[in-house]
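Protein chains: 4
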Amino acid sequence: LSSVLQRGRLSSQDKDAARFASSLEQDKRIGRATVLTNEAHVAALVKAGIIGRTEGRKLARVLKRLEDHLPYEREVEDVHVLIEEEVSRILGARIGGVLHTAKSRNDQVSTAIRMVLRMELLQLSNQILHFVAELVRESRKYRKSFFVGYTHLQPAQPLTFSHYLLAIGDSLLRDSKRTIEVIARVNLSPMGAGALAGSSFKLDRNYVARLLGFKGLVENSLDAVASRDFVLESLAACTILALDLSRISQDLIFYSSADVALVTLPDEFASTSTIMPQKKNPDVLEVIRARCARVTTNFSTAVTTVHALPTGYNLDFQELTPLLWDSMDTLQSSLRVLIRLISRLSLNGGRMKVGVELIAATEVANTLVRAGGFPFRQAHRAVGRAVRVALESGVSLGDLRKEQWESFLEAELNPRVLEQVAKASDLKSSFHGYKTRGSPNPEEVDRMRRARVREIALALRSNKHAETKITHSIRELNRITASF
Amino acid sequence: LSSVLQRGRLSSQDKDAARFASSLEQDKRIGRATVLTNEAHVAALVKAGIIGRTEGRKLARVLKRLEDHLPYEREVEDVHVLIEEEVSRILGARIGGVLHTAKSRNDQVSTAIRMVLRMELLQLSNQILHFVAELVRESRKYRKSFFVGYTHLQPAQPLTFSHYLLAIGDSLLRDSKRTIEVIARVNLSPMGAGALAGSSFKLDRNYVARLLGFKGLVENSLDAVASRDFVLESLAACTILALDLSRISQDLIFYSSADVALVTLPDEFASTSTIMPQKKNPDVLEVIRARCARVTTNFSTAVTTVHALPTGYNLDFQELTPLLWDSMDTLQSSLRVLIRLISRLSLNGGRMKVGVELIAATEVANTLVRAGGFPFRQAHRAVGRAVRVALESGVSLGDLRKEQWESFLEAELNPRVLEQVAKASDLKSSFHGYKTRGSPNPEEVDRMRRARVREIALALRSNKHAETKITHSIRELNRITASF
Amino acid sequence: LSSVLQRGRLSSQDKDAARFASSLEQDKRIGRATVLTNEAHVAALVKAGIIGRTEGRKLARVLKRLEDHLPYEREVEDVHVLIEEEVSRILGARIGGVLHTAKSRNDQVSTAIRMVLRMELLQLSNQILHFVAELVRESRKYRKSFFVGYTHLQPAQPLTFSHYLLAIGDSLLRDSKRTIEVIARVNLSPMGAGALAGSSFKLDRNYVARLLGFKGLVENSLDAVASRDFVLESLAACTILALDLSRISQDLIFYSSADVALVTLPDEFASTSTIMPQKKNPDVLEVIRARCARVTTNFSTAVTTVHALPTGYNLDFQELTPLLWDSMDTLQSSLRVLIRLISRLSLNGGRMKVGVELIAATEVANTLVRAGGFPFRQAHRAVGRAVRVALESGVSLGDLRKEQWESFLEAELNPRVLEQVAKASDLKSSFHGYKTRGSPNPEEVDRMRRARVREIALALRSNKHAETKITHSIRELNRITASF
Amino acid sequence: LSSVLQRGRLSSQDKDAARFASSLEQDKRIGRATVLTNEAHVAALVKAGIIGRTEGRKLARVLKRLEDHLPYEREVEDVHVLIEEEVSRILGARIGGVLHTAKSRNDQVSTAIRMVLRMELLQLSNQILHFVAELVRESRKYRKSFFVGYTHLQPAQPLTFSHYLLAIGDSLLRDSKRTIEVIARVNLSPMGAGALAGSSFKLDRNYVARLLGFKGLVENSLDAVASRDFVLESLAACTILALDLSRISQDLIFYSSADVALVTLPDEFASTSTIMPQKKNPDVLEVIRARCARVTTNFSTAVTTVHALPTGYNLDFQELTPLLWDSMDTLQSSLRVLIRLISRLSLNGGRMKVGVELIAATEVANTLVRAGGFPFRQAHRAVGRAVRVALESGVSLGDLRKEQWESFLEAELNPRVLEQVAKASDLKSSFHGYKTRGSPNPEEVDRMRRARVREIALALRSNKHAETKITHSIRELNRITASF
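Residue numbers (my numbering), protein chains in the order written: chain A, 14 to 497; chain B, 14 to 497; chain C, 14 to 497; chain D, 14 to 497.
Don't read these hints as lab results, they were simulated from the structure.
One should not assume that every hint holds.
Heads up, the list lumps identical chains together, so a pair's fine if it works in one copy or across two of them.
[Said to hold, decoys possible] Restricting the straight-line Cα-Cα distance to at most 20 Å, the calculated cross-link-like pairs of lysine to any residue (SDA-like) are: (1) K482 x I493; (2) K448 x I64; (3) K28 x P279; (4) K482 x E432; (5) K215 x R383.
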């Protein structure tokens, strides 16, 4: 449908087929970056003497205007053709026809995607860091708030809610790190690779890269246009983050279910049923959980698309880009919702349920080891028997009598030890007894919290720095093209 | 955000969270079906005497008007609430408030999806059948057109293009069958299952089902709202179809590549490069190939979403529906493009390439068996050696001398057999010699072609019949509600 | 490495590469079926007069012996070559070399996989049916056993455990149907399609098909060797079944968690912790849940493998077969464990938890509609407010006073209605009031249970019939080859 | 089935269920690492004074012996229980029962997986680097060997084979980097996190970490046992590498197909057909392509398994570990085969096919720009027309006459420019004209090759260094436990 490519090799395209294959709608997201890429290319053409300063000036001015005003309503196949067509419409075919010298859509599109993606990754990292900051902030409130730790969806050991929030936070900090590490390979310039073989025009690829804020080149020209591992590893980082968000959602859905009732969701983030008046459903969390599933399969889509594709640009690549933006948008909006939800959660003091209070068992066994001198395995077995009896007779571990313990242990028990056992079965203060690094006792949690505050600040600063470098480069590009 | 559910159990929702979780945009596709579901429900309420004819008439009239005029611009969470709100706005809370008696969004949404899906599946089947019809029609032209059959991407044996087209057609006929088989489980009514437990109002579920054109019920009320296997098997059928379309695309990309040059793509379905003037790229086919990858992972998304979800309605289900429509739309548009592309393909008579012409080898070996009485394995080994020598000396199998053959065979060769060997290495007519059922000889291909024409006609008629039954039911529903 | 294919076209293979690509290990599962395929082929060669009865007899006898005694320790690439080599070793190259006349590994391997797969699918269906039979049997015990129905993991409405078990059963019956439907396309014979083009020997493909117990042919010879949709749809059926099993596992994990405590897992199907003596972990169910995830991605592996493969046999196909067996084995072993686990479950009478008992709310609202004449939406809102107050003041719905209800309803309330409201909030008998088809009242559940018993018996009989037909065919094959 | 856990909380396990859920078979891979973990734990128990030196010595000696001699034939659920049982069997319950003090399977298993995985990742990186080294070495031979560069599977521009090999190499170098980056998060110690809450015994987690060669801790105890992102990111790195290997396989399958015939596969890495004697099938490459699909879905399996799992150890994790080893083994074996295959490839000088030789077109257009002063778009259109005419009349671009060019250009053409155009259409030397960084001209390729040699050496050295540090730590552990 575009005029620039017509009447050469092929007769005109079938309209429906062209619409079917067109990427213009989805190119909007890389429109501005593509114009900037053209500007940097013009600067390089001028520098290399391939075009004159006058031509350069004319091209640069029109491009500058197009940065935010591309006429997407045109029916052309993609943004690259749209830009060249628009430039030719304004400046005439003589000057406009020069724009594509020594470049190709293949290097351009990879360049533009990378330019947008590096910023999205930085923003995603920032958003993760803000979420962790919120978790850390909230965790201050819950330093001594008893919480049930689960394994196998069964109550396991006493924690504090603070410790839980920091555990989640730590996993998200790794997500942020992965996100940032990816940028090192995203932020390299393919420009100048042409269609696959570079060019017989002597263009300075490093100059273009610098003007566009890249850290270096994807050097080999074939590799530069034919590789999409930068998309895949971005989607992989998104996938792992999505899994962490789905886990948080799952946790909160479970913790807030009427049976468990450890936390209460804020009304504003729940909804009721049209038929069951008592319902308070965790709608938002379920939607996050399900959307995160889609983020994970965006990666799978990319994998299936790329698997066994031959080396070289293939138009299949076009279908990868929307996956990136969909993953980014879904994660950012999920994070936005979660940040606000987490700050309005409330913790239920909570009546302790029969089976749940038995989570004191490990500490009771440890006490038998420490105070009673029993081997751990013997203590473990004895407490296991005690649990059985406690469940059958509906009493708690602290209520069991000396004779009972002695029969469980198949050994005698010092009454002093029995006292300590009773103390160890008091759940609400038990987490104070944890001594190892990283455990839920409040002093250790405080220490970790303070360390995370510093870590987050450092990471945000480093992200800011990376952003600034990029915007400075673009400013330099503007300065140069304005000077022609 | 909706008013019907406010001021009961929960305080009002967070606007952003509500927007985030809202399904209204994607509900558009089931809007009309949801209104019809409401109409059938009203009919059942009247029949059961739960509401009077007057109330029934008022509700039915407003609903009738809403069928194609739902105000989607409202900010509510979904189409169910939208309808109830709109009915209440027009008829007042007293009558509008009656509409949701004995029903739930849970049974309604599954009902509406099934109503739309059964039609989409029928249309998809029709479109597949039209594509196969086109393949069958095209195959008439190519009854005696030599074509290279490949295995392992290496030239294997001579076929005709007709035979290839019918092979593709047969795999697509199975896709059509799968699509239709799924309908048997899709076209069952969950209505009346309520939220999960049915209702204490005595509603006639079969009556509702009949009015909505269903073949029967998803009987168990919990199963009716909690199961989404009908979505999964629809997506699975789509996935396998997508793989078949990706295969066809791959074939045509390969057959039309300049090296292979068996077919020529129509110019209108190809595009050139912005930099390489000689290029004729199979853009449209590459896009189909890549979009088909997404169809396959729509299934994976549904799998990951549903895996380990507890029994009962969960809002995660909401995210499955768009996957269905995306797969349907992608397949339908891909089929539309392929139907037109296939009818404009042209076959290259083609110069035979050196390695390619060796595909006569199997027939040469068979000849040595039949005419020469050699065991197949011995003949096979001899021809293998002949191929080596032919490749090294750049001659064809028919050019090899008696002495050479005798050394390959490690046996004497009757000159009469040698003649037949020479004949067997003539590629262009070789496919005439195939004798087994389903093989590429033109008579057998003709027979198959005629059988497929009949099969397609039958299948289209059966689909038409299924459609008619559904539209008749809806007409009956309209008649009944109009009669109140 | 094999001798039959050496010294022809290629010099000998690299040992490591050959081992890497060899499928012999995984061919064991299709070994017997491949021998049978050879026997049927010999019968057809004799029938067509391509070989004599004497040769036929010799070949048949050796093959018969090999049926269960293939020497898998040989180092050859696959079972096809193994068989030919072994036959040639015993009968000499002259007769052994005849065996491969007019056939190919391509048609043979697809034939053998289909032979094994059809039996596995029948067995899988049987196993599903046995599981449903167990669910139905168990459900008799729990006709009047109150159970909590959940949506969004929140208590929703009262059910019976019987109704829950039948809901699961119904979804599994659909799995069985899907499994059986697939067989219609699996149980077709590719034999005689050769490598892709049939054969110039006049073989009777229908004869071979009949002897091997097939219902018909995959007719088009290219389609017959190049299509693997039968593998994909088998894996798709497995995937949906796997999701149903993962759902059951998830349910039981949740229902048996100490917080929820609706059911108690049998000790023998749980395990404890090495450190936490009180733990009773649902290990087996977690493993089923996770293995089911692998079953679902076996399908994805097949999808990614097949996507964009060109038409024709490609060795990639070899990697699909183990996915089939892995899915079959995982599902069968999971079903075996679940059948025994379900029969040993015990239901907890259970103390009702505060939030949970509010599931009477829907019935209370319905009562306000039926007895009080309020529009449902008004009743729904009133009960919503009642729930809030009940939760805040820790009372149950039945305890609320007339004035409170009147303020919730913003209307007067007849004392008679108030009595009915109190009755409606009695949970334990509530399910008796459900009247719609498929709902949990015991009479309706009894009716469904009896219907399912008949359905299962019918399905098992039909499967038995299908098996018998196949074994009769194979017996006929044995009779014929023995008669040479 | 194990005795250590029996007779406590639960009655004994169902044998089949226990076998079903047992991980002992797959634990073999982490057996040695688990024993070492126990040794380090004993060292820490001694250091903390929780057990005496005498007990420590006894335990350490037995463990030392078990390092390579675990009795896997025992029927127990996993390697952790196996070790404790074996130690208790030898030393008696009194001392053996001490071993599990202050630790859990949850922290142990994650520790052991990480210990094995870090080494596997290092080895995988080494193997990748060796493959790239081979590519770089081979590329020396082909500095001036004309090769066809493809886009969209259509001949695009002339490259050298050397340039192609280096392009592949560069993408693999990024794979190696990703593999190494993952280690930073893998090589952290969870030991001391216990089941999820750390311990009330004062153990020095950093001491244990150091003795086991870790760089640091997974600090938060809940995070340490509940997170598997280290598995996911390892599998993600494997997935992207698998896609690169599938791409190389796809390339070689295409380049070696008889139609394209750019390269010849070594006979030893191909196989023939049992029926078609001329076939030379790229079996090994197809198997790599298909196995790489499985590597990618190993990641998907992990995703589906982990999606929406609640925080805490769940036995589902057990099923993740085999995915890791399967991916590692598949990639390592594929790389081993590819390294040897690549070194035996031969390049075909090759007769140029009609459509293929038109890849000179871009350079012809560039020449019209440089020498003729035409705008690129005009030149591009003119060459497009020239291509059409050349294809129709079967001549090459260099054969077209001045008048023809002038009509294509719609402008006059200087005869001097015509000469240059003719020169530009000479393919075999064209790549010498490329001037940009990263392009295929031999000087630039030489420069890149030398740089890669240095990069590889550096990376291998760094990997060596990391390995050494780990083995030194383990030696220190041995020294300490021997000193008790």
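How the hints compare with the structure:
Taking the shortest Cα distances, K482 and I493 sit within 20 Å of each other inside one copy (17 Å), while across copies they are farther apart (50 Å). Taking the closest pair of Cα atoms, K448 and I64 come within 20 Å of each other only across two copies (17 Å); inside a single copy the shortest separation is 72 Å, beyond that limit. Taking the shortest alpha-carbon separations for K28 and P279, only the inter-copy value of 13 Å comes in at or below 20 Å, while the best intra-copy value is 52 Å. Neither within a single protomer nor between protomers do K482 and E432 lie at most 20 Å apart by alpha-carbon distance, with minima of 65 Å and 48 Å respectively.
In this assembly of identical chains, the alpha carbons of K215 and R383 lie at most 20 Å apart only when taken from different copies (11 Å versus 78 Å within one copy).
Violation of the numbered hints given earlier is confined to hint 4; every other hint is satisfied by the structure.
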